[in-house]
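Here the protein sequences line up with chains A, B and C, keeping their order.
If you count the first sequence from 1, position 259 lands on 258 in numbering that gives the first Met the number 0, and the numbers rise without skipping.
If you count the second sequence from 1, position 69 lands on 68 in numbering that gives the first Met the number 0, and the numbers rise without skipping.
If you count the third sequence from 1, position 256 lands on 255 in numbering that gives the first Met the number 0, and the numbers rise without skipping.
The hints are simulated quantities; they were obtained by calculation from the structure and are not laboratory data.
Here the structure is a predicted model, which means the values were calculated and not measured.
Accuracy of the hints is not assured; some may be wrong.
Said to hold, decoys possible - The calculated lysine to aspartate or glutamate pairs, modelled on EDC-like cross-linking and capped at a C-alpha distance of 20 Å, are:
hint, chain 1, residue 1, chain 2, residue 2
1, C, K87, C, D300
2, C, K62, B, D20
3, C, K87, A, E375
4, C, K62, B, D42
5, C, K155, C, E40
6, C, K155, C, E11
7, C, K132, C, E11
8, C, K204, C, D114
9, C, K253, C, D300
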Amino acid sequence: MMGSLDALSARQIATGVTRGDFSATEVAQASLDAIASRDGKTQAFLQVSEELALAAAARTDAARAAGERLGPLAGVPVAFKDNMNLVGTRTTCASRMLEPYESAYTATCVQRMLDAGATPLGKLNMDEFAFGSTTDSSAFHPTNNPWDLTRVPGGSSGGSAAAVTAGEVTLALGSDTGGSIRQPASLCGVVGMKPSYGVVSRYGVVAFGSSLDQVGPIGRRVEDVALAMNALTAGGRDRLDATSRDCTQDYLAHLEDPIEGRAVGVIPALLEAEGLAPEVRSAIERAAHKLADAGARIMEVDLPNMASSIAAYYVLASCEAFSNLARFDGVRYGYQEPGCATLAEQSSLSRAHGFGPEAKRRQMLGAYLLSSGVYERYYLAAQKVRTLITADYQRAFAQVDAILMPASPTVAWEHGAISDPAALYLADVYTISNNIAGNCGISVPVGLGTDSGMPIGAQLQGPTFADASLLTFARALERACDMEGVVAPAFVGKGGEL
Amino acid sequence: MPLTREDVAGIAAYARIALTDVELDEMTAYMNDAIALLDPIIDYDLDGVEPTFHPTGDLANVVREDTVVAGLSLEEALANAASIRGRSFRVPAILAVGGSA
Amino acid sequence: MRRLADVLEDWEAVIGLEVHTALTTLETKMLCGCRLSHDDEPNANVCPICLGMPGALPVPNEKAIESIVMAGLATNCEVMRRSMFYRKHYFYPDMAKNFQTTQGPVAFVMHGHLDLEVSGEGACERLGATVDKRPDGSYVAPIRILRIHMEEDAAKMNHLGGAEGRIGGASESLIDYNRCGTPLIELVTEPDLRTPEEARLFMEKLRQTFLALGISDCSMEKGSMRCDGNVSLRRRGDTHFGTKTELKNLNSFKSLHDALAYEICRQAEVLEEGGAVRQETRHWEPSRRRTVVMRVKETADDYRFFPDPDLAPFDLSDEFVERCRARMPELPDARRDRYMTTWGLRRLDAEKLVADPATASFFEAVAAQVEPSVMPTLVNVMVNLVPAFAALDEAQVASVSGLLAEDALTFAQAREVFELVDGTDADPVRVVDERGMRQSTDADALGAIVDEVLERCESQVQQYHDGNEKVVGFLVGQCMRASKGSGNPKMFNQLLVRRLEA
C-alpha cells in the first residue's frame, strides 16, 4: 500500500509502473475506485471505460513483463472530454444528438496519450458541444465543483477540470475555443493549458470553432501538464490536420529555469474592468508580486483591441459552429426523429430535438451572420479584428515574455446563478483574445478567494509557439503559490488507495 | 433594424431547426440581444485592415500524397446510422407527395 | 417552333457553359485517402472524412492541385498564386457535411481562353460581324474562360418507389457515399458562345485537352464529365443580355447541342409571342427532345460561403507551377499542327487523329514503322478502318497499310484482314498469303484474263464503243470473277481501257 493515488504526480505514477513499484493494473483499479467513490458527487464522468482501462493497463504490464520500454505516461490514469473520439466509447458531446454515437475512429490527441502509455478511464462531461462556461448545458447532468458541490466547475471542459480536481484521474484532456480549458481550471484550482493553435492536432475532436479550437491538458501540477504536452506533440505534425505543426520538443526541459530578469506584462485596464471580483483582482495582484519576488520584471503592456474581442469572438465562433454542426442531420449518425414522411421534416425535427437550446441558438446566430449581405458587416469585420488583435499581441510580446491576467472575472458561481446567455458571453473577456490570435495560455491556481474560499487561477499568456517558455512561467508561479498537487479538500484520499 | 419573427423563422427553415411558436419568440429575442452585443463591430474603424481567416501565420500549401489509406468497413460506416437499407444509408421521401420539400 | 437557322437570323443566342470534370485518374479522393470509386459496391470506399463523421478533418490531395494547375495552363489561364478553399452550405444528404468544400472568389486558375475552329455547316449559324470569317465561311471563335475551381463531388442518391428513379414520387432514397469527395474541377466560360455548334465544339475541345493531360477519363456517359448550359437571346444588334435559363442533363455532345438548339427556338417563340423568358432551371429530356422546368429561381440561393478554417490557404510557388508545366504533354492543337507540317496531313485528318491521345500515340508508333510513301495510306487506314477494331497492334496496321499502298489488297480486303487478325498476334502478310488474298499485279497474267473477258462480252464492248464508258465497271467485275478475286481491280481497269481504246 503506497497511499492514495491522488497524491501522486503523473511522473511518479509512470516511474512507479516502470520500476515495478506497482502495476498499471493496480493504478487503473485505484483510479476506478476513486471514480466509484467520488464521481457520485462531482458527476464529472459521462462514461467510465472500465474495460478499456483494464485492457490498456494489462497491455502496459505485459509490455513491462516482456522487457519493453514503457512510455512516459505508463499507467497514468487519463480521461477525455466527451468531444474526443475514442474507439470503444461513445462520443456524445453531452448532447442528445450524439447520445447513441459510437466513435468510429480515435482522435489523434487521444491516440498520442495512449501511445505514451496512459490508461483511458473514460469520457468527461462538458457543456453541450462545448457551448458554455458552466457545464450545466450538458444534456445528461450537470457537473459539480469539487470545492463546493453547489457551484459550477466552469466550462465547457468542466468535467475534465472536476475529475482532476477531485483526484479521480491524474490528467484529463479538454478543448478550449474561448477559454474552455483555462476557465474551468481556474474555477476548480487546477492547471489547464491551451497550447498555441496548431500545436495539438484537432483530428477527431468534434469541431466547434475550427479556427479557435485547441486541445490541451488539465492536471494538478504544471509538470503533469508538461508531460502531457510531450505526449500530445510526440511524432510531429499530424498529417490528418492541415492546420497542425511540428511542435515536438521536451516541454519538461525548461520547467525549472529561473525567470530572473525576464519580463511579465500586466494590463492595468483589465484589472480595473467592471465585473472583476475584488478577490480575483487581489489574487492576480499577489501573483504579480510573487513573480516579481522570483526575479521577473513586471511591466505594463496594452492590448488596445481587446475590447472588440467579445464581438469578434462571438461572430467567428457562431459562424464556424453553424457550419460545423450542419452535418448533424440524423442521416449517417446521431439522433434521428422517427416516423417522418419527408427528408426536410426528418432533418428539422432531428435537429430540433437532438440539440439543446444553446446549440440551436449558436447555429441560428451563425446562419444569420453568414447570410448574404450580412457576412461583410460581421464575419469579415471580425476577421479584420483578428488581424488587429494578433498585431496587438505581437507588439506586447516584443516587450514581455508572458502576460499575466485573470482567467475568469469571478470564482465559481452557484448552479443557475447566471441564466442570461448573453451575460455569460461577457465573462469570457479574459480568455477569448488568445483564441482569436492563436497564441498560448495557461491557468495556474494561485490561491483561494479571500471572500469565497474558492480557488482562483491566474492566467499566463505567451507568444505563439512559445508554449515551452510559457510553462517555465507557469511553473515559477506554481512554486511561489503553494497550490501544487492540491486535490479538493472534501475528496483527498477518499477511495483510490494504491 | 431588429430581426422579425418571420426573419428568424426563415433562418430556422434554412438551418433545418424546427421551432415551436414559443421557441420562435424566445429565439427572436435571443437573436436580437446577441446581435446588439455584436453590433459594435460594425462601427470599428477597419479601413485598410486585411482579414486573417486562418490563425496559422505563414502556413500554406498543406497537402497529402495521392496514396490510398484504408477507410471504414461497411459495417463500421453504417454502424451509427438509424436507417439503412442494404449497403446504403436511407432517407425518407425528398419531395412530399404533391409538393416540394 | 421555327427552325434554328431561321431563329438565329433574328436573334443572337448568348451561351455560357459550366463544365464539371471528375479527376478520375487520381488514386484517392480530394480531401481523404479513400480510393476513387469506379464501379464499386455502395459505400465500399468511405472513411470518417468523406462521411463527415464528427471530428474528422480534410487534407487536400496534392495531385489534384497539380491536375487543376495543368488544366489551367492548357486553357491559357493565369495561375492564381494565393487562393483558399471555401465552404458552401446547403442541407442535402448527398453532401456528408451539409457543406461542399469548394473555392471562393479566387479559384486556382482564372482568366483563360480556348480558340475554336468552326467550319462546315455549323459555321453558317454564327452571323454578323462578331468574328472574321474566311472565304469558305469557317472562322476562329475565341472563347474566354472565367475560372476553373476545385470542389468535391456529391454522393449518389438512388430514389426508390417513384418512376424511373426520379425524385418526384419516390418514397425513399438510398445514399451511396463512394462518389462523395471525388475531386471535381469546374470550368466556367464567359458567355462567348453563340451557337449550339460552338458549344459542342468547345466541349469536344475541352474533352480532348483534358484527355491529353490525363487528368480524367472524361466520360460523359459515366458522368465524369458533365455540362450545364446557360442560354439567353437578344435581338441582333442589341448589347444588353436577355434573361437566361439554365439547362441540365446535357450528358452527351448531342444532348448539349440539341438542348441548346431547342431552348433557343423555345425562347424565341416565347419572346416573339410577346412573353418573357423566366429565369429557371430546365431539364433536357432526350427521348422527347425538349426541355422542361425543374425549378424556378425566385431568389438567389444563399450558400453562406466562408473560407474553410480547416484548410490552410494556398500560396503556390513558381517552382510548383513550373513543375506542373514540365509534366504537361503535347496538347491536341500542337500535335495537329505537327502532323500537318511533319507528314503533310490534311487538317481534318490530323484533328481526328489527335482527338484521342491513345489514338494519336498509336498512329505515331505506326508512322515510325512505315516508309514515307505509305503515309497517305496509313492516314486513310487510321481514320477510316482502325476505329472499328478493338485490339490491332502497331505492326499489323503498318503491314496492312503497306499492302494497301502497293495495291496488293483492296480496301475491302484490308477490312477483312483486320477482322481476321484483330486481337491476335497474327502477321497480316502471312494471313493474306495463306488465304491467297494477295492481288496479282502481274500484267501478263491479268492481260490474259482481260483478253478472255473481252472475247466473251462482245455486246458490252459494243456498248463501250457506242459511248457508254460505265460498262467498264461491269467488265472489271467479270475480270475479278474470272481471277477469283486475286487480280487487282485497278490494274484490270487500266488494261481494259487500254485494249478498248486500242
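Comparing the hints with the structure gives:
1. For a cut-off of 20 Å, the pair hint linking K87 (chain C) to D300 (chain C) stands: about 11 Å separates their Cα positions.
2. Restraint check for K62 (chain C) and D20 (chain B): not satisfied, since their Cα atoms lie roughly 51 Å apart, outside the 20 Å limit.
3. Restraint check: the Cα-Cα separation between K87 (chain C) and E375 (chain A) comes to about 16 Å, which is no more than 20 Å; the hinted pair holds.
4. Between the alpha carbons of K62 (chain C) and D42 (chain B) the distance comes to roughly 44 Å, so the proposed pair goes past 20 Å and is violated.
5. Restraint check: the Cα-Cα separation between K155 (chain C) and E40 (chain C) comes to about 12 Å, which is no more than 20 Å; the hinted pair holds.
6. A distance of roughly 38 Å separates the Cα atoms of K155 (chain C) and E11 (chain C); the hinted pair therefore is violated under the 20 Å criterion.
7. Annotation: proposed proximity of K132 (chain C) to E11 (chain C) holds, straight-line Cα distance about 17 Å (limit 20 Å).
8. Proposed proximity of K204 (chain C) and D114 (chain C) is supported: the alpha carbons are some 9 Å apart, at most 20 Å.
9. Of the supplied pair hints, the one linking K253 (chain C) and D300 (chain C) is violated, its CA atoms being roughly 30 Å apart against a limit of 20 Å.
Checked against the numbered hints given earlier, this structure breaks hints 2, 4, 6 and 9; the rest are met.
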